[in-house]
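Novice: Chain order of the listed sequences is X, L and V. For the first sequence, my numbering begins at 1 and goes up steadily by one. For the second sequence, my numbering begins at 470 and goes up steadily by one. For the third sequence, my numbering begins at 573 and goes up steadily by one.
Wrong hints could be hidden among the right ones.
What the hints assert, rightly or not - Sample of chain V residues with no beta-carbon within 10 Å of chain X, all distances over it, derived:
(1) Glu-634
(2) Ala-666
(3) Leu-689
(4) Arg-693
(5) Lys-801
(6) Asn-848
(7) Leu-942
(8) Glu-945
(9) Ser-948
(10) Asp-961
As the list claims (entries may be wrong) - Distance windows between CB atoms, simulated:
(11) V:Glu-634 <-> L:Gly-485: 32 to 40 Å
(12) V:Arg-614 <-> X:Lys-31: 54 to 62 Å
(13) L:Gly-494 <-> X:Ile-160: 23 to 31 Å
(14) X:Pro-68 <-> V:His-607: 35 to 43 Å
(15) X:Asp-199 <-> V:Leu-986: 50 to 58 Å
Derived from the structure by calculation, the hints contain no laboratory data. By construction, the Cβ of each residue, glycine as well, lies at the ideal position given by its N, Cα and C atoms.
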Amino acid sequence: MPRNEAITGLGLDEYKYHFVTDEKPVFKAQKGLSEEVVRQISAHKEEPEWMLDFRLKALEIFYSKPLPDWGGDVASLDLDEIYYYLKPQDHMERSWDDVPDEIKTTFERLGIPEAERKILAGVGAQFESEMVYHSLKEEWTELGIIFESIEDGLKLYPEIFREYFATIVPPQDNKFAALNSAVWSGGSFVYIPKGVAVDIPLQAYFRVNSEQMGQFERTLIIVEDDAQAHYIEGCTAPSYTTDSFHSGVIEIVVKPGARFRYTTIQNWSHNMYNLVTQRAMVHEKANMEWVDGNLGSKLTMKYPSCYLVGEGAHGEILSIAYAGDGQHQDTGGKVVHAAPRTTSQIVSKSISKGTGRSSYRGLCKVYEGAVGARSNVECDALLLDETSRTDTYPYIEIDENLSSIGHEASVSKVGEEQLFYLMSRGLSVEEAMTMVVRGFIEPIAKELPLEYAIELNRLIELEMEGSVG
Amino acid sequence: MSEFRTVARVEDVPAGTMLQVELDGEKIVLAHVGDRVFALHDECSHEEFPLSSGELVGGQVTCVLHGARFDLETGAPRALPAVRPVRTYEARVEGEVVQVRVG
Amino acid sequence: MAEGTMTSDTRPDTGKEAAAGSLARGLATYVRSVHEPSHLSRLRHEGWKTYVETPMPTRKSEEWRYTDLADLDPESFTPVSCEGERVPVERLPASVRAAMESDRDRAGVMVRHNGCLEHLRIDPALEARGVIYAPLEDVADERPELLERFLFQSDVAPLEQKLWALHSALLSGGYFLYVPEEVDVEHPVHAFQYLDEEGGVVSTHSLIVAQAGARVTCIDEYVSPDLEKESLSLNGVEIFGAEGATVSYLAVQQYGRGVKHFSMQHSNTGKDSTLNGFNVTLGADLARADVTSHLEGEGARSEMLALWFGDRDQHFDHHTLQHHEAPSAHSDLLYKGALTARSNSVFRGLIKVAPGAQLTDAYQTNRNLLLSENASAVALPNLEIGADDVRCSHGATVGQVDDTMLFYLMSRGLDREQAERLLVFGFFDEVLERVPAEGVRSRIRESIEAKIHGG
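Excised from the complex, chain X in its bound form (with noise of 0.2 Å):
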């Protein structure tokens, strides 16, 4: 069967969103990291003192920590080639029709259908290092909710953004968590008043823009008692020949009885260092859910943390990694129990194609006195050639022996016996190769909202397409 000769031939070389528009930023701090660009980042957005004094603060952190050890290869990240501030309009957008037309067509061309523009309540649209796009139902408005640019989270609500900023991420966490509070632009604030219920999902649909330039973005989300939200975060970038970075703190807290997912499809370009920092503290009997799906960039380090404070916390993380030729997913998550009858579950599928290599790293912590706390995590790992690689490595620290916790992991290739079923039944090799990949992503495809899993759909179509014959 001449199957794997012509599936090292497939990657993310044939890449969608291989355009670019003439950028017009209005500001552009200059290339490289230094005190002074941090300055004239805080200046330019107009923040308070205390904001100025933290980013100078994580600059310090930043330059004392060492870059991991660990994980992908981090080595050609070239820190100084990097622009950290560009600003592509002065003011914020409120409705569609005040957005720019070079904007517009760069998100026709992502594809955003325009259903989703019309339907979907609220869109945040992140362009380039803010937001540029950003309307919210009225009604939702009505309700207390704030769904904002970070920026004016900032501004409007300095008080709930104070208290809970950086309590989540602090930037002593790790060296890229320093970078973010150092030169953090962009990104979403979130606030659910206690008992709110919102059933359509907000969105922001970003992208990164400029040659050679780090996209910071920087969120923060409270769901107070007993409401509950569903938050997704989408992004792709077009491709260059200089690797972009990208490397972002999302910080939620779900407050007692609330419950809140937090879905990713990240489908960057494959130049892009994808660096991300994503927690959250989960409260008394609150539930969250992290879907986190990672199918583009060169590579991708990012583990969704559940912190589990509060009894009978429950925590999940669902992870779906495609690693093609040249990439690496070095993905997973953390779940932390620190309280009783707290539970957890992780799942994570992985493909790898070609020279891809995902890994799965993760954690699972039981506190003493976390009493009951349940944990499960399996991983699978699929390998479509003999080239392909996958890791798996689960770190399992228990200190309470009433807890119960699993981990379990496969690795397997896409059986011949399958393949010969399917095209046995008239389909071709590759028809066949795409329909068992679909069936393996399956189960988190399904926990995605419909559009979202029709263009999973799509681009795993995309990646299979030549793959055989």
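Put chains L and V on the given structure of chain X with help from the hints.
Specialist: Frame of chain X; chains L and V shown alone:
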């Protein structure tokens, strides 16, 4: 209930600073904020690391290792990655000295 | 902000001990007392040099993240000396004599006391067929070419170098077991290492070579009373199985308190060769085992079993590597541990499939039973898979005894302790039943019983 015992001179721990002292083999961090001195077990509850090498901000101490913060008064965690409190002790200033009660 | 205070990665280096001094002097005394052949003393000197030049691993490394070597000061131990008189068999410790009594069917028996040879017996019929079971120093005299070919020839990972080098420098007793082609050694060979030197360091080595088609079972037991002053036990194991050979290896560590034990085991399994490795860890304050299985030949098979039972404040750390270097090899690991009181354990295992090692079957399972509220367990089952036509899986669990079962047994009239005891043995049964010698198996059972009652 044990006695208050002298662990340091006030001048050894000026306002706005911290000092590690030892009492009955227990490492304790003294934190001087305004006219008060707080005493806590000198180890971050997240990973073994002395809080005394951290920073004081408001009524909190920040561990420099990963940024965990604790309330000086109660020892309660105020920022992740810490999820558990650190032990606190009664502390007082008596004239020129700082006294702590363990137990 | 000052550098060097920021992260766990910049903690001060500890364990950079002064390498000269009493340890070196003790070593010189030991070397004079054993009159060893040049090959051994050359290895010793190379080992010492590497030891001195290599920094002590710190908790910064993944390999030593949960076991802190900062507390280990090799300078504080005295190498043993073999200049004293040999102890006749009847004056060996009762535990060793009892063990020798209960295990009568042995192809060979060796007893070392603080690293010095006290007793050696080998079946003359096997000797006549070319089987060697002898102290390393004798083999170095008589068959130097064999030692040069095998001794310290295993591929040792960088972070194992320091202790491996110290082990070779301090080598104080070891044996060579050699089984020629197609020789089937029916009964086990059995070595006892008895340690009672307060503040001493012993460094034993088991070198096992099975030529093509040979079969042998080899048992190492480590025993000591409780010691007042801490002693150090370093141990190296190298197993070479040629084409079609079958080696079963069992190590049972039942040291008393006051002992730190570091065991570094390397098996090198050739084409269609089988290794059944088994580690039982019950004693010592700190016991670390690095168990590496190199599957070098096509169709090689490696079974890796372990059981441990921790009590008091024992710390057990097991690191394993199933290294699939050739296609169509099979490895299956099952490590089971129970912990009571304030004991804790670490399991870190890696299945590594090299590119091109197609048709690999590799499995890895670690199960932990926590029997008390202050016990804790860490499990890190890792996979690094570089070939696609493989079947690999791993699983790890941490939990307590099944409440439903416990209540069921208690409802049938058992008290809680009896019921727990039954469940613990139920948990261990699938590994315990694979211990290759009945006498050893019952001694392991007795130790576990004692630990359950003591805890």
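Novice: Give a verdict on every hint.
Specialist: Verification of the hints:
no., hint, in the structure
1, Glu-634, "violated, 7 Å"
2, Ala-666, "holds, 36 Å"
3, Leu-689, "holds, 43 Å"
4, Arg-693, "holds, 46 Å"
5, Lys-801, "holds, 31 Å"
6, Asn-848, "holds, 24 Å"
7, Leu-942, "violated, 3 Å"
8, Glu-945, "violated, 5 Å"
9, Ser-948, "violated, 4 Å"
10, Asp-961, "violated, 6 Å"
11, V:Glu-634 <-> L:Gly-485: 32 to 40 Å, "holds, 39 Å"
12, V:Arg-614 <-> X:Lys-31: 54 to 62 Å, "holds, 58 Å"
13, L:Gly-494 <-> X:Ile-160: 23 to 31 Å, "violated, 44 Å"
14, X:Pro-68 <-> V:His-607: 35 to 43 Å, "violated, 52 Å"
15, X:Asp-199 <-> V:Leu-986: 50 to 58 Å, "holds, 55 Å"
The structure does not agree with the numbered hints 1, 7, 8, 9, 10, 13 and 14 stated previously, though it agrees with the rest.
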